[in-house]
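Listed below, chain by chain, are the residues.
4 protein chains.
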Amino acid sequence: MSTKQKFGAGIWHFATYVDRYATDGYGPPRSLIEMIDLAGQVNDLTVVDINYPFSDPTLTLDEVEAALKRNKLSVIGITPEIYNRQFAKGAFTNPDPGVRKLANELINKAADVVRRFGASYVKLWPGQDGWDYPFQVDHQELWKASVDGVGQLASENPDLKFVIEYKPREPRVHMSYDGVARTLLGIEKIGLPNVGILLDFGHALYGGESPADAAQLAIDYGRLFGMDVNDNFRSWDDDLIAGSVHPIELFEFFYTLRKNNWEGVWQLDQFPFRENAVAAANSAIDFLKQVERGLDKLDFEAMRAAQKKHDAVTALKLAQEALYSSH
Amino acid sequence: MSTKQKFGAGIWHFATYVDRYATDGYGPPRSLIEMIDLAGQVNDLTVVDINYPFSDPTLTLDEVEAALKRNKLSVIGITPEIYNRQFAKGAFTNPDPGVRKLANELINKAADVVRRFGASYVKLWPGQDGWDYPFQVDHQELWKASVDGVGQLASENPDLKFVIEYKPREPRVHMSYDGVARTLLGIEKIGLPNVGILLDFGHALYGGESPADAAQLAIDYGRLFGMDVNDNFRSWDDDLIAGSVHPIELFEFFYTLRKNNWEGVWQLDQFPFRENAVAAANSAIDFLKQVERGLDKLDFEAMRAAQKKHDAVTALKLAQEALYSSH
Amino acid sequence: MSTKQKFGAGIWHFATYVDRYATDGYGPPRSLIEMIDLAGQVNDLTVVDINYPFSDPTLTLDEVEAALKRNKLSVIGITPEIYNRQFAKGAFTNPDPGVRKLANELINKAADVVRRFGASYVKLWPGQDGWDYPFQVDHQELWKASVDGVGQLASENPDLKFVIEYKPREPRVHMSYDGVARTLLGIEKIGLPNVGILLDFGHALYGGESPADAAQLAIDYGRLFGMDVNDNFRSWDDDLIAGSVHPIELFEFFYTLRKNNWEGVWQLDQFPFRENAVAAANSAIDFLKQVERGLDKLDFEAMRAAQKKHDAVTALKLAQEALYSSH
Amino acid sequence: MSTKQKFGAGIWHFATYVDRYATDGYGPPRSLIEMIDLAGQVNDLTVVDINYPFSDPTLTLDEVEAALKRNKLSVIGITPEIYNRQFAKGAFTNPDPGVRKLANELINKAADVVRRFGASYVKLWPGQDGWDYPFQVDHQELWKASVDGVGQLASENPDLKFVIEYKPREPRVHMSYDGVARTLLGIEKIGLPNVGILLDFGHALYGGESPADAAQLAIDYGRLFGMDVNDNFRSWDDDLIAGSVHPIELFEFFYTLRKNNWEGVWQLDQFPFRENAVAAANSAIDFLKQVERGLDKLDFEAMRAAQKKHDAVTALKLAQEALYSSH
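Chains as they are written, first to last, in the numbering used here: chain Z, 1 to 327; chain V, 1 to 327; chain H, 1 to 327; chain F, 1 to 327.
Hints should not be assumed to be uniformly reliable.
[Said to hold, decoys possible] Pulled a few chain F residues facing chain Z out of the computed Cβ check, cut under 7 Å:
1. Pro134
2. Gln136
3. Pro168
4. Ala181
5. Leu185
6. Gly208
7. Asp213
8. Ile248
9. Glu249
10. Glu252
11. His310
12. Thr314
13. Ala315
These are calculated hints, taken from the structure and not from any lab test.
The C-beta atom is built at its ideal place from N, Cα and C for all residues, glycine as well.
Based on the sequences and whatever the hints tell you, model everything.
And the structure:
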């Protein structure tokens, strides 16, 4: 029996974006307060993840808190911006030790914001940590720096959780935390209880993983601390509306969470470059609710029996019936 | 016997970049004049492709011309910016007819700049023309608009060449001019002599084409009007240094041009996000010169004989010997 | 209002398979007659595509016809085996002119079987025509041979249709008829009315095409002569059960056919390596019926209006509602 | 200063192959003795990996030994055939416990052959262990069975080494030992000293790994027990001639081995479907010798200095100079 599910989103879902071509952006810049007010318009959205530092340096935490409050939103995580110009050659793995130190300091400040908002974790997304070319880096040193950088933060902040959001690539051509297994290897090496994974459905998908399998593995290591969803065409992190391309695998992903009694916020990590942000979020959450009802309907015993035999035809039939009839 | 090869580059090779994460850019913005001065520092670079309109609206054509002159550079093409905010939902295929008209007007202005600089062509790179989602567009109308938009320009400017630079995707999740064969279908439908292809080696590579085969096909239709090179890992348009990952296929690409007596500028389309732009260009051109010497050494008759038998082992041996011994 | 849809399958759906590892096969070999008897057990399957020559050389056409008759099956196409040992280096493009002649003769014999069974077409799937290595072939000659080989057959048999089933690769590392646009270029070059495309949904998907867009393009050239469906993970021709991974894009594919009033058999091209063949076919056809009902329910006018605006969110909602509520 | 390198090959390099289309094979079947005699014709090939059981059940170990001896070949590993019909639904993960037991027994027999030939390891390539469809398996149980199956063998045979050759997929749509990090997680879980990795360059490449990074990681865990090379186009295990497509990354791979003083046989895992097997092996070994000379020439200190700064342009230049000048 399912309890009422909580839904969340990265606050950047409500931003406008630039890319290397549309350098003037896909829309006029939005302030954090405007983004929060948009998030407040989404049905059943109650939780957000916020980037830090704020693009407007004069904006105070109190102002942000007030905006959140009037939109009935709470903060689940803080994402320090360790992937902008300063960190273009890496945060934890930057060849310049001074920059590595800056990254540590910035993340420690973000940790304080986590405490201030009573959030659940600092989210680490080291998108610039990795390499572009063959022969560019010493892979031993690079990986060691990736692991040590996170380990140091976790030791410095034993009261807080750190979650690593792995991704195969972008902006770096190859990210060092590139997949679930590699990230778990790093976390095991760190050996601290307060480091886990934030599993992005789309990152798993386009990294060639089965998102359900990735979730199970992270759970089996006791390290699935958070997750978010979106969709893509398996070759890039398109951050499309959840359910728009791969509804069956999304259902299997949530089936895996439910089966393991994993409780947590179902978050969105979408980039609606050309869509209305509120409409895109509502579209995803509508489908997530269908998924939730589908899980309530799904015959878990029959599914287990089919999986016991690796019986794909029966398993698929059970999944289709439960998901589609829950529209 | 090879004549002295001319080398060129898109002027954006010397820009700094932003992306959706490093929104503050990978370096301080550079003016077009600064970019031209950097291009002037590259060994043996004599030709550039320039974006239009200039980001600084006060910059005059005379000023640009003076900067080019003092750097001994000439202009091969003008690339109108039909992929920024205004055209986020497409230039030729925008759902808003007013925006389609704006695109036409902008490109016509770019055509005048081509005339002013005595350049060879207007380059069309419709990176926002396409779709993101299943069911988003009527594919018949979208493709018709893609073809008609280019056809209209070609009729309006019979004295000029228009080249289409196809690419599978980015920024649009799927571009309508996505590959060499689709683009040739469009060009044949247009039926005018002044529309051709600018073949980007990396776009072919990551679209699953053999760049050599794509070049041959475009040549066989009399439509290979230009080309540029770079490198990537076959799953994205990384715009890395030419020769850094796929030297053999680059060599086969130029072998195909030489075999067909295709004469033209060997251009670079690289985005050195984290590298020194001049060093990255020199690195590529050094390898291109090795390629040129390799072609001088290659036994074309023996290669033809091996290919006649589809003898991959012998063909590879001939290619390796010619290329590697030309270092 | 939809008429009762006809369903079909390649008869190899009911075979057992070998691959380069399981050289002893995924099950004991099955005779063509056994396959036909299995096909007869599938609900609502009425049409099959048959390979030629039969693996048992003593089997007569009369025996096959009798087996078909008792299973209430008719023949839609004949697929000559131009991809086995003899043709390992190509059928139309084989470096040996004697082998090219053999291919032509074999296909002409297959044409007679088409006539004998009153089938709709000879299906050409030139899976060995292409290349494996850089520098292996002269791309101009290879493509010319690909086109000429099909053209000759079409001239020799003006009373019959020939359909080309393109695919990016496998078994050849790169097939010459690799995508919809390339195949249309070839067909236009041939210039005969009796050559068309058999569009395999999975081949489009894993070639990076939108299957709906590919279908529309083939229709716009008057060349969509047949189609079949299955599913995969976009990186290989997995030939999984239709609807098991990409239900939305499958729905868009059939939406495109319906919108264009394309009438024809909905065929399966699945390889149930480890599944019960009848169950796998029933699973797919059950989903195809859901698709058919979904099309009956879909608000085509509202969809057109959304697509006119490139409104992905609304279009997705319409598609989801129609498809899921038709379970 | 490099010592004389030893070269090896999987004996299947000298087989003929079947696939799901060319079911009559790419050539007449070859006996193991014929394969060994072909291997003996390759320049500088001294070591082979042999499948077990032999396809001819009457062939004795003494006969094989004699054939090896007259060709001056020794055995590095034995590869039990845990991927044919019997194991089509998995060896270690088969839903049928009886089949899992058969797999264990077969591999134990292969272990005896390793002892008999004084070979270095049993090679485990569980190509059928995994899944095809969403929802098909319980991922927790599947992974546990994968790990337990190998662990049991390692406990039963503490005197022998077992190497796992991971691969993303094929023949299974997704293999459970799919990449270097996942395999290391499994090996760490097993916790025995006699289980390691056989790293296939092409598997790393097409799994989206950097082969050099994968090798470094395996070395850092003390688990790189073997390796083999080939080439592909990054989207499938094409098993092409080593060096034919990705010479730079192959060089980086061997650079990583040399830097770590990893000593071992450089093996080939190629499938020359349409090529002369001896010529294909010679072509690869010729290039590997160039790689070896290139490593002798490479300025390791300068490379380290460039990598310290993540200086891709300098690192690439050093690599190109050393490799190309060693032709």
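Status of the hints after comparison with the structure:
Interface hint status for proline 134 of chain F: upheld, as the beta-carbon distance to the closest one in chain Z is roughly 5 Å, under 7 Å. With a cut of 7 Å, the hint placing glutamine 136 of chain F at the interface with chain Z holds, because the nearest CB-to-CB distance is about 4 Å. The beta carbon of proline 168 of chain F comes within 6 Å of a beta carbon in chain Z, closer than 7 Å, and the hint placing it at the interface holds. Nearest Cβ of chain Z to the Cβ of alanine 181 of chain F: about 4 Å, under the 7 Å cut. The hint holds.
With 7 Å as the threshold, the beta carbon of leucine 185 of chain F comes within range of chain Z, its nearest partner Cβ sitting at about 5 Å, so the hint holds. Checking glycine 208 of chain F against chain Z: minimum C-beta separation of about 6 Å stays under 7 Å; hint holds. Proximity of aspartate 213 of chain F to chain Z holds as hinted, the smallest CB-CB distance being about 4 Å (cut-off 7 Å). Using the Cβ-Cβ criterion of 7 Å, the hint placing isoleucine 248 of chain F at the interface with chain Z is satisfied: the shortest such distance is roughly 5 Å.
A distance limit of 7 Å between C-beta atoms decides the matter here; for glutamate 249 of chain F the minimum to chain Z is near 5 Å, and the interface restraint holds. Below 7 Å, beta-carbon pairs count as interface contacts, and glutamate 252 of chain F has one with chain Z at about 5 Å; its hint therefore holds. With its C-beta approaching chain Z no nearer than about 5 Å, histidine 310 of chain F sits inside the 7 Å limit, and its interface hint holds. A hinted interface residue such as threonine 314 of chain F counts as satisfied when its beta carbon comes closer than 7 Å to some beta carbon of chain Z; here the least separation is about 9 Å, so the hint is violated.
Evaluation of the alanine 315 of chain F hint against chain Z yields a held restraint, the C-beta minimum of about 4 Å falling below 7 Å.
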